[in-house]
Amino acid sequence: MTASGSERRAARRMRRRSRLPTILGVAGLVIVGALVFTAVLAPWLAPYDPTDRIARPFLPPSAEHLLGTNDVGHDLLSEIIYGSRVSLLVGLVAATVALLIGTSVGVVAGYYPKRLGSTLMRGVDVILILPFLPLLIVLAAYLGRSLLNTILVIGLLIWAEPARIIRSQVLSLRSREYVLAARSMGAPDRWTILRHIVPRTALLATGSFVRAVSGAILLEAALSFLGLGDPIQKSWGSTLYWAQTRGAFLTPAWKWWVLPPGLLIMLASLGFALIAFSLEERINPRL
Amino acid sequence: MQRIKRLKWTVLLVVLALVIVGCGDGDAEEEPAATTAAAPATTAAPEPGDQEEPAPEPGDQEEPAPETTTTTAAPAPPPEPVTVRAAVTGDEGTLTPYTYISGFPGWNLLMLQYDSLMQLDAAGVPQPWLASSVNVSDDLTEWSVTLVEGVTFHDGEPLTSDDVAFSVEFYTTNPEASRFARDFRGVADVVVHDDYNVTFVLESANPGFDVVALADAPIIPRHIWESVELPSEHQFAGGTNIGSGPYMLTEYVDSQSYRFAANPNYFRGAPAVDELVVIVFADDAGAQAAIRTGEVDVIFERIPPEQIDLLDAQDPLDVILGPEFATQMINYDASIRPFDDVAVRQAINLAMDRQDFVDTVYLGAATVGSPGWIHPGHSVYNPGIATDVYDPAAANALLEGAGYADTDGDGVREFDGQPMSFEIITNASDSLRLRIAELTVEMLAAIGIETEVLPVDTGVWENAVWPGFDVNNGRNYQIAMWGWSPPVQADPLRLPWLVHSSLDRGFLNLTGYGNAEMDELSEALAVEPDPAERKAILGRMQEIIAEDLPFVLLLYPDGAYVYDSSVYADWEFIAGQGIVSKLSLLPPSARP
Numbered sequence: 001m002t003a004s005g006s007e008r009r010a011a012r013r014m015r016r017r018s019r020l021p022t023i024l025g026v027a028g029l030v031i032v033g034a035l036v037f038t039a040v041l042a043p044w045l046a047p048y049d050p051t052d053r054i055a056r057p058f059l060p061p062s063a064e065h066l067l068g069t070n071d072v073g074h075d076l077l078s079e080i081i082y083g084s085r086v087s088l089l090v091g092l093v094a095a096t097v098a099l100l101i102g103t104s105v106g107v108v109a110g111y112y113p114k115r116l117g118s119t120l121m122r123g124v125d126v127i128l129i130l131p132f133l134p135l136l137i138v139l140a141a142y143l144g145r146s147l148l149n150t151i152l153v154i155g156l157l158i159w160a161e162p163a164r165i166i167r168s169q170v171l172s173l174r175s176r177e178y179v180l181a182a183r184s185m186g187a188p189d190r191w192t193i194l195r196h197i198v199p200r201t202a203l204l205a206t207g208s209f210v211r212a213v214s215g216a217i218l219l220e221a222a223l224s225f226l227g228l229g230d231p232i233q234k235s236w237g238s239t240l241y242w243a244q245t246r247g248a249f250l251t252p253a254w255k256w257w258v259l260p261p262g263l264l265i266m267l268a269s270l271g272f273a274l275i276a277f278s279l280e281e282r283i284n285p286r287l
Numbered sequence: 288m289q290r291i292k293r294l295k296w297t298v299l300l301v302v303l304a305l306v307i308v309g310c311g312d313g314d315a316e317e318e319p320a321a322t323t324a325a326a327p328a329t330t331a332a333p334e335p336g337d338q339e340e341p342a343p344e345p346g347d348q349e350e351p352a353p354e355t356t357t358t359t360a361a362p363a364p365p366p367e368p369v370t371v372r373a374a375v376t377g378d379e380g381t382l383t384p385y386t387y388i389s390g391f392p393g394w395n396l397l398m399l400q401y402d403s404l405m406q407l408d409a410a411g412v413p414q415p416w417l418a419s420s421v422n423v424s425d426d427l428t429e430w431s432v433t434l435v436e437g438v439t440f441h442d443g444e445p446l447t448s449d450d451v452a453f454s455v456e457f458y459t460t461n462p463e464a465s466r467f468a469r470d471f472r473g474v475a476d477v478v479v480h481d482d483y484n485v486t487f488v489l490e491s492a493n494p495g496f497d498v499v500a501l502a503d504a505p506i507i508p509r510h511i512w513e514s515v516e517l518p519s520e521h522q523f524a525g526g527t528n529i530g531s532g533p534y535m536l537t538e539y540v541d542s543q544s545y546r547f548a549a550n551p552n553y554f555r556g557a558p559a560v561d562e563l564v565v566i567v568f569a570d571d572a573g574a575q576a577a578i579r580t581g582e583v584d585v586i587f588e589r590i591p592p593e594q595i596d597l598l599d600a601q602d603p604l605d606v607i608l609g610p611e612f613a614t615q616m617i618n619y620d621a622s623i624r625p626f627d628d629v630a631v632r633q634a635i636n637l638a639m640d641r642q643d644f645v646d647t648v649y650l651g652a653a654t655v656g657s658p659g660w661i662h663p664g665h666s667v668y669n670p671g672i673a674t675d676v677y678d679p680a681a682a683n684a685l686l687e688g689a690g691y692a693d694t695d696g697d698g699v700r701e702f703d704g705q706p707m708s709f710e711i712i713t714n715a716s717d718s719l720r721l722r723i724a725e726l727t728v729e730m731l732a733a734i735g736i737e738t739e740v741l742p743v744d745t746g747v748w749e750n751a752v753w754p755g756f757d758v759n760n761g762r763n764y765q766i767a768m769w770g771w772s773p774p775v776q777a778d779p780l781r782l783p784w785l786v787h788s789s790l791d792r793g794f795l796n797l798t799g800y801g802n803a804e805m806d807e808l809s810e811a812l813a814v815e816p817d818p819a820e821r822k823a824i825l826g827r828m829q830e831i832i833a834e835d836l837p838f839v840l841l842l843y844p845d846g847a848y849v850y851d852s853s854v855y856a857d858w859e860f861i862a863g864q865g866i867v868s869k870l871s872l873l874p875p876s877a878r879p
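Protein chains in written order, with the numbering used here: chain A, 1 to 287; chain B, 288 to 879.
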């Protein structure tokens, strides 16, 4: 009785463990799906062109302008809908950049762990040790304001973590029997890496990628809010930047000018983070 | 067990539902936000027409306001001491002529303790102050000053011509630089005739000596300063800030506060405010929050346009607006194609909807720019210069007539076979200027000129427009948003600096502009003794600028200051300088 009871409980716990990530993953997918849908269909969803001055500045919400207008009379709702494009784009592209760098460094460092690998990993350590946000701000200020620079700066700073994760996977892969067998039969390193190593890091890389997107969206918002992005470009961060410089944080306008973009940044980041969490559970359930 | 499981599932589902509702977000959440928030915001909505606050009545001061907790609003006839608490956003050092920090409001606080020979009146025109009369020779090189008799410093010592001569000598010979050394640059000699008569002999004619020097530099006492060698180390310590002004600094807490006591023996009469406490805040937001909650009674900084109506709507706060001579303008490199063609410059001028800039970006708290550079509220403004020149149809006709046609039909005109497509460089740190740049892009698009805003750091921007702060280094931009600080315009005799084609005279000529008649007028202006004649010359120069357009002036931001009218309401707005001056704190009868 006791034995079978505890067994059943253990089994149930296992099932619950395996279901929770799925549910969260689905939730993440729904959030991200909705946001991507908004971004792609922005011209149809947005009631106005966000660069048209269609009404008086600083209007509170009304039937025509559900979130009111900003400091020069752009419709805030349209601005936020279009803003999803920039925020998601920066998130996805910057994470791709980070992943390309991270995977390459991780695979090379893991496959040649001695001199080359340890040199590379010291570089990764340096990136990880550097105070992150100040470095990001300095780089962004130095490179100047443009969408491309924002993407590059973020991408160049968040690749170190994926590199570490992938290297540890590669370290274990390279001593697997089938890899050893391939190498002992004279397979060149390039072939071994492409045929046996890289495909087996793909899942792990996907998890890192999704997590990187979540981080990159937050970073883009932070940079734009600080005025280090392109303030003319409509993104959630730049909406917050203008809200801040035109005093919306001190007036009732925060409810329609600050809260919505803030919530959307949170949601986007949360959505990707949930997907990443669920993917990680699947890839490596012992985590 | 089964029930617990179901409960957990329910909780999970609720969470999930919340997340999904959340991501339907915007649309779902707006409605409640709209209804709850609409009410307070309607009252706060900007109404540009409403902002010219009438000058506060002196009687306002006596009205007890229900919300205020200050000790001063007593209606009883034996007046209780009036204490005004003012907010500034940054420490200003120990407020001696060598240790104050910013030009505004540091210099203004400094001048509460000291006096200058002349003092700007509300219109911004210098009037005799420590001087009872100022006379200038016909060749503008000898300025004779008669002092008011019986003026004493805070320690009781009399102020005489000896102190005036000493002040000039101290500022010009002390190795440490100061604003006042610049004021008296070009003074060849100071001749002391007797205790109350002194003559400044200048190396060359300077019609603006009264504004730049006599109304700017504080007179310091010889008996305090003659033993001082390094004035920057001569910090406030009880006896150092001895001046002749209406206030004495009695307490200074680094980065926190200043306390000024009224000088009851002030030669123009005892100040209306008995004690002035200046509190240092970290930023604008802090200062605004403080005046909302009644912690301070006035902010000694301009408030941004979007705050004007919000603060004014709150009782007992009032906002006072007035002209400032700062500028927002468009610069272009007039030495390169196509901006060397006056038709292009005129078209750009005609395409600018100046009223739109004022209403949209400044919410009405600015004055529409005169194409002739001088502020319409300025004493030398030429009323023949129209400011309502917006006419995009005329601009299009002008460009069409000058041969800038859109031959390939893409909506962008061409010049010399290239599209009229340019970058507008601006400094990203000035958010209002950035918005002006965005609006400029729209307005230029309407006349077939395609532009793109390039927001950069201030250093990059300055280096493109004014490399090394030396016009001899040329220019590195096509179109730039620009603006000069108030002194450049407040003193109209500086106009040649902006437009003279010779770069040592036109050392602020950032657009590479040149016009022979303008050069002649500039030179005539510098030696013209008769003020009326100078005004006529300046009037003609404004006409040339409005027609020839070395730059396109868009607007002059107004100064706006907020104060608590239940505590003190007699603030005087000096054109171009704002309310932070001794005039504001003296009884109206003592003002010039």
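Please keep in mind that the hints were generated in silico from the structure rather than gathered at the bench.
Ideal Cβ placement from N, Cα and C applies to all residues, glycine included.
Take these hints with a grain of salt, some might be off.
[As the list claims (entries may be wrong)] Residues from chain B that keep clear of chain A, each with C-beta distances beyond 10 Å, as calculated:
hint, residue
1, A410
2, S542
3, T647
4, A715
5, S716
6, S718
7, R762
8, L812
[To be verified] Footprint (simulated), chain B over chain A, 3 or more residues, beta carbon under 8 Å:
hint, region
9, 68 to 74
10, 204 to 211
11, 242 to 252
Going through the hints against the structure:
No beta-carbon of chain A comes within 10 Å of the beta-carbon of B:A410; the shortest separation is about 31 Å. Every beta carbon of chain A lies more than 10 Å from that of B:S542, the smallest distance being close to 23 Å; the non-interface claim holds. Not every beta carbon of chain A lies more than 10 Å from that of B:T647, the smallest distance being close to 5 Å; the non-interface claim is violated. Non-interface call for B:A715 relative to chain A: violated, since the shortest CB-CB distance, roughly 6 Å, does not exceed 10 Å.
With a least CB separation of 7 Å from chain A, B:S716 falls inside the 10 Å interface cut-off, contrary to its annotation. Separation of B:S718 from chain A is inadequate, the least Cβ-Cβ distance of about 4 Å not exceeding the 10 Å criterion. Once the 10 Å rule is applied to beta carbons, B:R762 is consistent with being away from chain A; the minimum gap is 20 Å. Listed as a non-interface residue, B:L812 keeps its Cβ farther than 10 Å from every Cβ of chain A; the least gap is roughly 39 Å.
Check on the region 68 to 74 of chain A: 4 of its residues sit with their Cβ under 8 Å from a Cβ of chain B, so the three-residue criterion for coverage holds. Only when three residues or more bring their CB closer than 8 Å to a CB of chain B does the claim for the region 204 to 211 of chain A stand; here the count is 0, and the claim is violated. Coverage of the region 242 to 252 of chain A by chain B holds [criterion: at least 3 residues with CB-CB distance below 8 Å; count 8].
In the structure shown, a violation is registered for the earlier hints numbered 3, 4, 5, 6, 10, in ascending order.
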